[in-house]
Structures are given as C-alpha cells and as structure tokens.
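J.: In case you want the letters, here they are:
Protein chains: 2
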Amino acid sequence: MSIIDELTEALGAETVLTGAAIGERYRSDESLTGRVLPMAVIRPRTVEEVSTALRICNAHGQPVVPQGGLAGLAGGANASGGDVAISLENLAGIEEIDTAAGTMTVKAGTVLEVAQNAAAEAGMLLAIDLGARGSCQIGGNISTNAGGIRVIRHGVTRDNVLGLEVVLADGTVLSMLNKMTKNNTGYDLRQFFIGAEGTLGIITRAVVKLKPRPPARSTALVALENYDAVVALLGRARRELEALSAFEAMWENFVRFNCEAAGISFFETAYPFLVIVEEDSDGSDAARDRFEAFLGRALEDGLIVDALIAQSEKETQRFWSVREAYMMGQLLPSLINLDVSLPIGSIGDYARACEAALLERFPDAHVSFFGHIGDSNLHVAISVGEASAEELHAVDEIAYDLVKAFGGSISAEHGIGTLKRPYLGCSRSAEELDAMRRIKLALDPKGILNPGKVI
Amino acid sequence: MSIIDELTEALGAETVLTGAAIGERYRSDESLTGRVLPMAVIRPRTVEEVSTALRICNAHGQPVVPQGGLAGLAGGANASGGDVAISLENLAGIEEIDTAAGTMTVKAGTVLEVAQNAAAEAGMLLAIDLGARGSCQIGGNISTNAGGIRVIRHGVTRDNVLGLEVVLADGTVLSMLNKMTKNNTGYDLRQFFIGAEGTLGIITRAVVKLKPRPPARSTALVALENYDAVVALLGRARRELEALSAFEAMWENFVRFNCEAAGISFFETAYPFLVIVEEDSDGSDAARDRFEAFLGRALEDGLIVDALIAQSEKETQRFWSVREAYMMGQLLPSLINLDVSLPIGSIGDYARACEAALLERFPDAHVSFFGHIGDSNLHVAISVGEASAEELHAVDEIAYDLVKAFGGSISAEHGIGTLKRPYLGCSRSAEELDAMRRIKLALDPKGILNPGKVI
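Keeping their order, the protein sequence lines are chains A and B. full-length UniProt numbering applies: residue 1 is where the first sequence begins, and numbers increase by one. full-length UniProt numbering applies: residue 1 is where the second sequence begins, and numbers increase by one.
Okay, chain A solo, but in the shape it has when bound (with noise of 0.2 Å):
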C-alpha cells in the first residue's frame, strides 16, 4: 500500500488532498519562493489526526513540511519535491479564556487576528502582534518566534506562551498546557520548539498570555537630528514612560520613499531621523499630560528638534502610515527587505557601513532603513534594480558579512526557513551548529520534519 493510500485509510479522504485538489497557495510562503507543489496536503482536526499523519509519515520516512497561514517571509513552509505537507488550518478555534489566570488555550490552526478578537471580547490583550495577522496562525507566530511592534512591551512570542501541546515526528504527543507563569520541572521543553521552524515537532495547541487591554494610548512622531539622539530618547522614554508600548526609528530616505508613495508629509523639514512614540494610557488627561511633558523636557533639552502628538485615532492611524506604507512596497519584486538585529548602539554605524558598501558595489540602489530599534531589530529595504541571481546574493554577502563583523545576527524575527539558511554561520558558530544538529537527531531520528530547513 502507498503511503497516500494509507494515510488516505488512516484519515479519510477529505483529510488528505492530492493532485488537482490542492490549491495554489499550498506552493508557498509569503516570500513567492515556493518552486513545487507537495504531492499531498493534510488537513487534520485533531491532536490525533496530526499524531496519525506523523506516526505513518514516519514509518515510511516520509518527508512532511508543516504550513500554518503561509505569511512567513524566509520560505520556512514551502515544500520540495516529495514532501507532503501538513496544513493546520483546520485544527483552529480557542477552547479556553481565563481572565484569572491570563490564559487562553487556543488551537494552532487560529488565524492571529481571531484569537485577538476573542481576547478584546473577553476584555483582555493578546499581545502578539504583526502585519500579517490576519492570515498568520498562532501555531506559525509560535514556530517563528515572531516579533511585531509591540515587543518592547510585551517581549517576542516566546515571552507570550505558558504552555504547548507538540507532536513529535514519531507521533508521540507532548501536552504541556501549562497555565503558570513560573514551572521548574524539569527542561523546559516548550523552549525547544518555540522558533524551531517546524524542524523539532509540529506544534498543535497553546496555551498564551493574555494581559489587561489599554484603554487608550498616547502617539508622537518626533524629528532627532542624528542617531545618538534616537539612543538617547529610547533610554529616557524607557526610564521616564511606564507603558512605553513602541519606539519605530526611521532613517530620512525612508520617510521620504514612504511618504512619498502614500503621498503624505508631516515636517516641511527633511529630518535625518523619525521616530513613532507609542504608550498605552488609561485615557485620562493626566496620562496625556505626562506625555506631553516627557516630550516638552525632550524638546527643552535639545533631544529632539520637533514633535507631533496625535489629537485623534484617525491622526494617529496616519502616523502609522508612514511606517507601514512601506509594506505595499514590499510587493515590488526588486525591493528586498532585510530583518537583523544588531547591539542598540551600534545600529547607526552598522547603517552607514551598509549603505556604503551596497553603494559602492550598486551605485544607483536604493537603501533605507527602519526598525525596532528598542528591540536591537533593524530592517533594511534595498533595491538595486532588475538584478541578477548573483547580484541578489551580493547583496546579502555585503549585508551579513557586516552584520557579523558588528556581532548582530542575521535573522532578529523573520526565521531562518531556506532563505538565510545559507548564512547562518554568519551568526552561529560550527559549535553551535553542531549541537542544534544533535538536538534535532534526538527529537527526529529519521530527519522527516521539514527537512532543509533551519539547519
């Protein structure tokens, strides 16, 4: 019996997609790297269904590349020749809000922007959150270890998941639905899979944090003349904001390129650095007073040289703007947009050293930066045109090759999928190499879970 058949025996025809009935959009991530398409696709309901799928997978070493909503950006979900791929979207919906706790327990399968809602309804935040919320699943956000803006607040992903159901590549199920914050038992074995890219174990339930949902919240876009400038305001707002919940800095060709495209202004001046100022507030005038004399003493003190404070939600949307415009961008295929992260004082010089070289090596390219800066997270949007395969490459050898001389490393939320796989000894030594090598030999002998990717 083939392994379709048997997997089709196991779990029933509409649970197993081959031929015509798999769509398009099995082939690939949001990075439109995908070449192929797996020659089957898996849709199960339950733990059980997973384990099923695995425990025969398994047995046969059988290749299997798990898929959560397919945002992803580093081709960490798209299969190669024979895989089969196992979707989760199917094994979605939240089973559990306790406000006590802070708790939901949610299945992997949940697009983001679902398990948020249920959570605003329950009068509660669940802080994980990205641009892709609306078709990401919090099974991937998990694999991925996703960032978002809302980090400096509220940590990665990892700080946000208190327990985990996975499924191991033999079938064993891990049900560690922890509720509590603290748990000394032992290895933390949820650890393992958070960020692991789907390499370890296929995550199938979770159990996240939920927190007290703001009432309101105090934005700034501020104008600094040069980046110890922005260092300086990050330090102050940390010290100085107790709910500081974003610092985005933007570099002067950024703003430009993006406020260009969205046809806006903010500034008659061109300014060398934006920067977005969020806090949560309880909404009363003496929060928004605080504000705005946390940036009056800026303003006084020479940090900054001009500011904005949103007067409504439609203000502070448009502030935003000029930050996310830039995603529309991101759909040019000749725009590469890079995600690293490097120690906070050291982003400025990095920013100029890059810029330099791809100059130097792509005279007429465009490269802007912008970033999480409190998180050590820099993106850089580069376009050098119609480019060549080896040119793209080049433009990744000038990038991580300094990342590395600067001690950053060359993925800060996007993965390493297939992408940056050749470049993660940029940031990761054969040590290190070595012992993820062991780690994954120990958890998935026959090397079935999404083979070629991470490591």
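Quick caveat, the hints were computed from the structure, so don't treat them as lab data. Note that CB positions come from ideal geometry on N, CA and C, so glycine has one too. Keep in mind that the hints are not guaranteed to be accurate.
As the list claims (entries may be wrong) - Label pairs and their computed distance ranges (CB to CB):
#	chain 1	residue 1	chain 2	residue 2	range
1	A	Gly23	B	Glu96	49 to 57 Å
2	B	Ala389	A	Pro215	43 to 51 Å
3	A	Ile264	B	Ser312	51 to 59 Å
4	A	Arg25	B	Ser175	39 to 47 Å
5	B	Glu391	A	Pro215	48 to 56 Å
6	B	Arg55	A	Lys404	23 to 31 Å
7	A	Gly12	B	Gly425	34 to 42 Å
8	A	Phe267	B	Glu96	19 to 27 Å
9	A	Gly447	B	Ala13	44 to 52 Å
Starting from the structure of chain A, add chain B where the hints point.
T.: Then chain B, alone, in the frame of chain A:
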C-alpha cells in the same frame, strides 16, 4: 595516571582541591541534605579551564557536579559518591555594562548582589532578585531559572537572559553571548541550559538585561476577606498600576505566625488575607496620588477592607518583614517549605484542600500559605513536629498529589534537584520525561553532568 593527577597536571594544584583541602561548605546546598564531600573540587579561573576539566572528566566517564553559591533548596548541587565538583566561585567578575543596549556581560561565579550593585552604580537595574542575593551566583540563578519577588514586573530569570556561554560535557564551548532582544537564527540553544540545573552543560558567562532603575516605590499592606477578592485585586492592580512590581499574598495564620515571631503587628483585626502591593515610581507626588487613589477605589468598592501605605523606607521594610520574617523560620529543622505553582484561580481551593488533607493525617500540624500569587506561585509552610522520614514523605505525597489534581506544578522556582525527583511524574508525563532523556543523551552521552539530578 589517575584522573586527579591528570586534572592537577592540566590545571595546577591550586585549582584542584583534594582531601583535607576540601572545605565543609562543598558538602551541601541550603537544603542541608548533602551527605558526602566530593572527591575533588576544581575551581577554574577561565572558561578554558572549565573546558579542560570537562574534557578530562568526560574521557574518564567521571561524574561532575557543578557548584555555584550553594543557595539552592532542592539538593541540586550536592555531590554523591566519587563526584568531582566544579565550583564557579573563581570565575567571577563583571566584564561589560552597555547602557545603550541595556546589558551586562558577567562571569557565572559572580555573586548576584555584586552584579546588582554594579548595575546600580551605572544607574541601571538588574531585575533578577531573590532572598539569597548575598550568596547565590548568577550562573546558579540561570541554571535553576530562579524566581523571586520581582517576577510580576520583570519575569523569571529566563526572561532576563540574553546571551550565554556554556561548556558541554565533552569540553565544547558554546559562545552565545548575544546582546539582542530578537535573534531568530536557528534553535535558541540558550533556553536549553536555563533551568537545566547543570545537567546539560556548565554556564560560564552570561549577558543579562539591565533596565532603568526606578527612583522610588509605593508600598501598601492591604487586608482582604477572601481569596476571590485577592484575585480581583490582582486583576485590577495589573490594569491600573502600570509599574506594579510586587503582589505578595499571605494567608491569616501565616501572618499570625510571622508577626508573633517578629514581634510586630499591623491591624487590630486578624484578616483572612494580607497582600503587599508595590509599584515602582518616579517619586513624584502625582505617582503617589495615583497609587493612593487606586487603593481608595478598592476600599470604596469593598474589594479590600483595610490598608496601610508606607510613609518611609523604614515602614516599607517593616511591611516586607512580615513576608520575609518567615525566612528565619525556614531554618528550623522541622519546618518544611514547599514551592508549587497552580492556575491563579485555583490557588484558594488548593490551599483549603491541602490544609484539610494534611490536618486529617497530622491533626497537630502547622500549615500556612503565602506566595507570589501574580506568578501563580504558592509556598506552603508545614510543620508536623519531630517527624520520621516516612512521615515527611507522606507530607510531600499529600501536597503533590493535590497539586497534580489541580493541574499545577510541583516546583515553581526551586527546581527539582534530588529532593523533588521522585515526584517529577506528578507534573510531567512519561512522554515528556522520555523527550528530556533524549535531549540529555544528545548533549551528554556519557551522562557525566550532575548525574542523579532532575531526570
């Protein structure tokens, strides 16, 4: 050549203590359950010496017990039989404080309080904090994923570690001294060693987070009528006190026991619950007013029935003494201090059930409760008088069986060590224990690191 000769030749006689040179303090951690002295105590001064020591021990299959400040309560650092202890005490000192990045790079043997003071001198806060700060070491805090009283604001030790340097059993050095908040480059190997109690590798260096140092704090001691009110007050404090930094609940007879022991009193009435609520503050009148208004509303709404606000640092200390006075009692040989975690909403019911079950078996027992409720962490103070080993075992069984029934964990912050190892199955499944053993085998195939601990 004997292994001791080989170690002495490689490391020097001043680094390898044997025989009478081994002081009594290497016998046991604070659980005082250590029975024998190690065969030798190695005190390396560099990472290279740790690596050399492990390489030699691994070649001989020689069991090794890592020792930090020996402040643990679970027997995790105690030697057995012919173990070699590796004490990190001479691998101490702060290497770098980066105020822009908010990081400290520190050697593992540094005493926590020394690191805290260095952070304070730089105007920053190292948020890892616990009672044993004057003797425990950073490496031990990380190896046990220590908790403490500031977790509600700053997280457990895991949440405060950015980078680690670790030596594996075979002497391989993993240098992962990352300073970035976000770093998604392959498996997050750091996480494997945090809380592994020295069974997977020896931590030699760490990068820990530093935060802005709060200039002041507001502290209140409040009285409540029942556990539901405690949970409701916690929820409200989380919503309304942006910088909530402690929430310590104490049950009535715990308060009575401690106040008598310390010769202090606060309220004329014996209330069912007292809670210490503390918020970090900028020291302004406005911050103090907000804190008082929070308590005023809780009083008006009948959530709390009485409240005292500390008017001086001395009074703050006095409030805290009702919580910390117990630490003295802990040294009484007949007093057992259990450390468990439970879903926050279940802690009141667990406490009632646990008290009833213990009193049924031991009618004259003292049973009282206190804990870091916001972190789902409960401590149980139990005295059954002069007890046999069998009776002590019965106490553990009664308390841990109920933890299992309530979906809790048998160790919140103390770890497993040797003392809780027989009960690990109350909190972890056979499948989880098997996965832990696979990881252990992958990283320490000869099983030389802290054998007999954790798993």
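J.: Confirm or reject each hint.
T.: A quick look at each hint next to the structure:
no.: 1; hint: A:Gly23 x B:Glu96: 49 to 57 Å; in the structure: holds, 53 Å
no.: 2; hint: B:Ala389 x A:Pro215: 43 to 51 Å; in the structure: violated, 56 Å
no.: 3; hint: A:Ile264 x B:Ser312: 51 to 59 Å; in the structure: holds, 53 Å
no.: 4; hint: A:Arg25 x B:Ser175: 39 to 47 Å; in the structure: holds, 42 Å
no.: 5; hint: B:Glu391 x A:Pro215: 48 to 56 Å; in the structure: holds, 53 Å
no.: 6; hint: B:Arg55 x A:Lys404: 23 to 31 Å; in the structure: holds, 28 Å
no.: 7; hint: A:Gly12 x B:Gly425: 34 to 42 Å; in the structure: holds, 36 Å
no.: 8; hint: A:Phe267 x B:Glu96: 19 to 27 Å; in the structure: violated, 38 Å
no.: 9; hint: A:Gly447 x B:Ala13: 44 to 52 Å; in the structure: holds, 48 Å
Of the numbered hints stated above, those contradicted by the structure are hints 2 and 8, listed in ascending order.
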